[in-house]
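K.L.:
The lines below spell out each chain.
Protein chains: 2
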Amino acid sequence: MSSISSYRERPERERKIHINLFLRNTGHHEAAWRHPQAQPERTLEVGFYRELAQTAERGLFDSLFISDNYSGTWRRVEPFTLLSALAMATRHIGLIATVNTTYNEPFHIARQFASLDHISGGRAGWNIVTGAGGNDAYNFGKANHPDHALRYETAEEFVEVVKQLWDSWEDDALLLDKQSGRQFDAGKVHEIHFKGKFHAVRGPLNIPRPPQGYPVLVQAGSSDSGKELAAKTAEVIFTAQPSIEEAQSFYADVKSRLARYGRTPDQLQVLPGLSPIIAGTEAEAKELEDELFALTDVSGAIQRLSDRLGVDFTGYSLDSRVPVDGARGIETINGMKGRHQLLLDLIQRERPTFRELIVHLAGARGHLTFTGTPLQLADVIERWFIERVADGFNLMPPVFPGGLDIFVDKVVPELQNRGLFRTAYEAETLRGHLGLARPEHVRGTNWTAAGAEPSF
Amino acid sequence: MSSISSYRERPERERKIHINLFLRNTGHHEAAWRHPQAQPERTLEVGFYRELAQTAERGLFDSLFISDNYSGTWRRVEPFTLLSALAMATRHIGLIATVNTTYNEPFHIARQFASLDHISGGRAGWNIVTGAGGNDAYNFGKANHPDHALRYETAEEFVEVVKQLWDSWEDDALLLDKQSGRQFDAGKVHEIHFKGKFHAVRGPLNIPRPPQGYPVLVQAGSSDSGKELAAKTAEVIFTAQPSIEEAQSFYADVKSRLARYGRTPDQLQVLPGLSPIIAGTEAEAKELEDELFALTDVSGAIQRLSDRLGVDFTGYSLDSRVPVDGARGIETINGMKGRHQLLLDLIQRERPTFRELIVHLAGARGHLTFTGTPLQLADVIERWFIERVADGFNLMPPVFPGGLDIFVDKVVPELQNRGLFRTAYEAETLRGHLGLARPEHVRGTNWTAAGAEPSF
Chain A
1 MSSISSYRER PERERKIHIN LFLRNTGHHE AAWRHPQAQP ERTLEVGFYR ELAQTAERGL
61 FDSLFISDNY SGTWRRVEPF TLLSALAMAT RHIGLIATVN TTYNEPFHIA RQFASLDHIS
121 GGRAGWNIVT GAGGNDAYNF GKANHPDHAL RYETAEEFVE VVKQLWDSWE DDALLLDKQS
181 GRQFDAGKVH EIHFKGKFHA VRGPLNIPRP PQGYPVLVQA GSSDSGKELA AKTAEVIFTA
241 QPSIEEAQSF YADVKSRLAR YGRTPDQLQV LPGLSPIIAG TEAEAKELED ELFALTDVSG
301 AIQRLSDRLG VDFTGYSLDS RVPVDGARGI ETINGMKGRH QLLLDLIQRE RPTFRELIVH
361 LAGARGHLTF TGTPLQLADV IERWFIERVA DGFNLMPPVF PGGLDIFVDK VVPELQNRGL
421 FRTAYEAETL RGHLGLARPE HVRGTNWTAA GAEPSF
Chain B
1 MSSISSYRER PERERKIHIN LFLRNTGHHE AAWRHPQAQP ERTLEVGFYR ELAQTAERGL
61 FDSLFISDNY SGTWRRVEPF TLLSALAMAT RHIGLIATVN TTYNEPFHIA RQFASLDHIS
121 GGRAGWNIVT GAGGNDAYNF GKANHPDHAL RYETAEEFVE VVKQLWDSWE DDALLLDKQS
181 GRQFDAGKVH EIHFKGKFHA VRGPLNIPRP PQGYPVLVQA GSSDSGKELA AKTAEVIFTA
241 QPSIEEAQSF YADVKSRLAR YGRTPDQLQV LPGLSPIIAG TEAEAKELED ELFALTDVSG
301 AIQRLSDRLG VDFTGYSLDS RVPVDGARGI ETINGMKGRH QLLLDLIQRE RPTFRELIVH
361 LAGARGHLTF TGTPLQLADV IERWFIERVA DGFNLMPPVF PGGLDIFVDK VVPELQNRGL
421 FRTAYEAETL RGHLGLARPE HVRGTNWTAA GAEPSF
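In the order they appear, the protein sequences are chains A and B. If you're matching positions, the first sequence starts at 1 in the UniProt record's numbering and goes up one per residue. If you're matching positions, the second sequence starts at 1 in the UniProt record's numbering and goes up one per residue.
No lab work stands behind these hints: they were computed from the structure. There's no promise every hint is true.
No more than 27 Å apart at the CA atoms, straight line, and that leaves these computed lysine-lysine pairs for DSS-like [stated by the list, open to error]:
1. B:232 <-> B:16
2. B:142 <-> A:142
3. B:195 <-> B:163
4. B:195 <-> A:142
5. B:142 <-> A:163
6. B:178 <-> A:286
7. A:197 <-> B:197
8. B:197 <-> A:142
9. B:286 <-> B:410
10. A:178 <-> B:286
Keep in mind it's a predicted model, so treat the numbers as computed, not measured.
Sequences are here, hints too, so could you generate the full structure?
P.N.:
Printed below as a string of structure tokens:
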């Protein structure tokens, strides 16, 4: 706890809110795409994302982020291709790609992140996920999605290999000496000879160390092993916290785990998701909320909830309470972890009807929702920030582009007036925006020199 | 041969030269990076490639292309990230990524190409390779690089899976009907249930069919199985042809193979590599050639040649002839295929000294080289094109940016004056530039509907 208290003693004026934009097709409300303002026909068009990225950069956001998975019929532009494109349309904002450690090769991922970091001048971040969807396995010739424990074990090893590959070129390995004809110092480029339980990789990587040393490491797991992996590895944590009480306990929990790994609390920024419905007046905001609710497909929702939780709820009416015991009650669900656990906690605590639960999930899938004016939202943000419930937010506008525009135009200036948010970018890299140090190069013990100059 | 002759009868005025720019760090000459004009410190900087891409687009090139591998210390920006970035800095030029079918997952590759094609508005191409470097295996936990036959068998299956994934969404699957709430027609999104010898993939892909149907398929193998795969699958072939005689026989060979697969000769464009040293006068061009030769590291070259061919040539002097028989002669080399075979043919035909061979390879690794004026180069290009030796060229400037600038500023206008090259882009997609049809959607026999609408 000593590190927590030293953190709390840091002068308040040094702390600034961090804001990440969570991109998601037409928006984060389930019914966003049906809203008159939504542009679903543009969600495969890079110009759509360019406009959102440029708005977020005008709002001085730390970063933008896109989630991912490898199955289903949700239309997704692939993160590396999208973020590399957006790197060319922006100058400061960080670019965080979600990449799964269960169905990828460390060499390819180390390389694509290094490349994105070079292309963007040090703005890459990696949201490390292990895959929630069981169907991903079938697209990679696997019979089953590995269980949670195995996935986290794989993830830990995966991140270790990737870091070694980023370090396989020392920062000063490149010489580019035209006179002597030496392109690099062969003693500073290394074969890593990694042999783990899941991966064996010789190295070196075929691209020099990223400008940031390592791209910023982000984690979104809320299970116990997710929090532990975050405490060991992550520099930003995205989390779904529907209320201030839960968020505060989560915040204290993850911050307290850092000391075990020799880390200080300010080396991990906690950013809960926030999906605000904002309008000039409370009445207008409520009207927009109602409008989105009216567009929500409630009829098939009990079936979708059953699919999501793996429990058969068919036969229940929308207005009956979600059962917490008995043959079909959620207490009988085994193996639920992470974001499902948060949902179970909410069901047990609030005993919602199916309709209430469905409306809650439709808003932002269990993240904090808000309906009100820019000033009211600034109050919420200020409270969560000042009371050490959050270091900032993962902004999930219900409908693009309007939900982002009003945040940038009305909420950001208010946060700036209160001295809580930057008034200009003060750094060149994502690490710089987040106040994170550039990782020192680490040399592995089994490493050997990678050998001769490149040949023709 | 009937299809060849009908092709030859097409009016000459309809044919136009196709030009692809082969990007490669500081240039294609081995010593390029040491040239005073070269900017080796910029080869990890996207602005460097943006300038080259914009010059190529000013020159109305069909496409640009980047090669790739997965081992060694040659510094390489990863193709998908680089080309996605360049998509944002250009409007017309095609973007061809090299992707290996030996060390990748079809789902990821289908998706990254679909995404690049969407981002670029239909400008993606895929240079399909199986990997030449044995060391690639060690970066993916494999003990050995699979042999040539196995790699080609894998490649054929890989391309088949990827095409099915691109087809897993029919062109008109998206509905986006806000009124009815239907995002897509579930009967037009398919699980492909692919089960092959090397890959099993259920599908569907999580991104709709690419704008081009399939990105343009490019092949660069010159072995017999490479040519056969090209005849079956490819729409562009990159090839290393050091002389007009060899190139003409190669051209006739691959064009004649197309009929077996029900294809016509104009469905495959043959683009030999061309590395021209160009200057205002012959004397100046020769001076630049000498300058580059003087910068070439000849001393270690016999060792590098030994490494490349897998034959120990140490002990030979630079001015002795490369042996073609005996214990260390090249006739004893087994298992050489593709580009190595071309090199062996050249050694047997021309009986070069080690020095001559090394200089030849340093210029452009066995591709056609040229030293002279823009008019002389236009003569060569015209002859190769008119005599059906080539459908255009894969341009490999010896040093960037100068070697590209002079081609665009002096050679392109001359080709335009002769009516051989476009004077404006006439199409929006890479397929359009190359005169290739958009592939029809093909429905597989084992396919099933992918199921319900996307859930929250």
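K.L.:
Which earlier hints turn out false for this structure, listed by number in ascending order?
P.N.:
none
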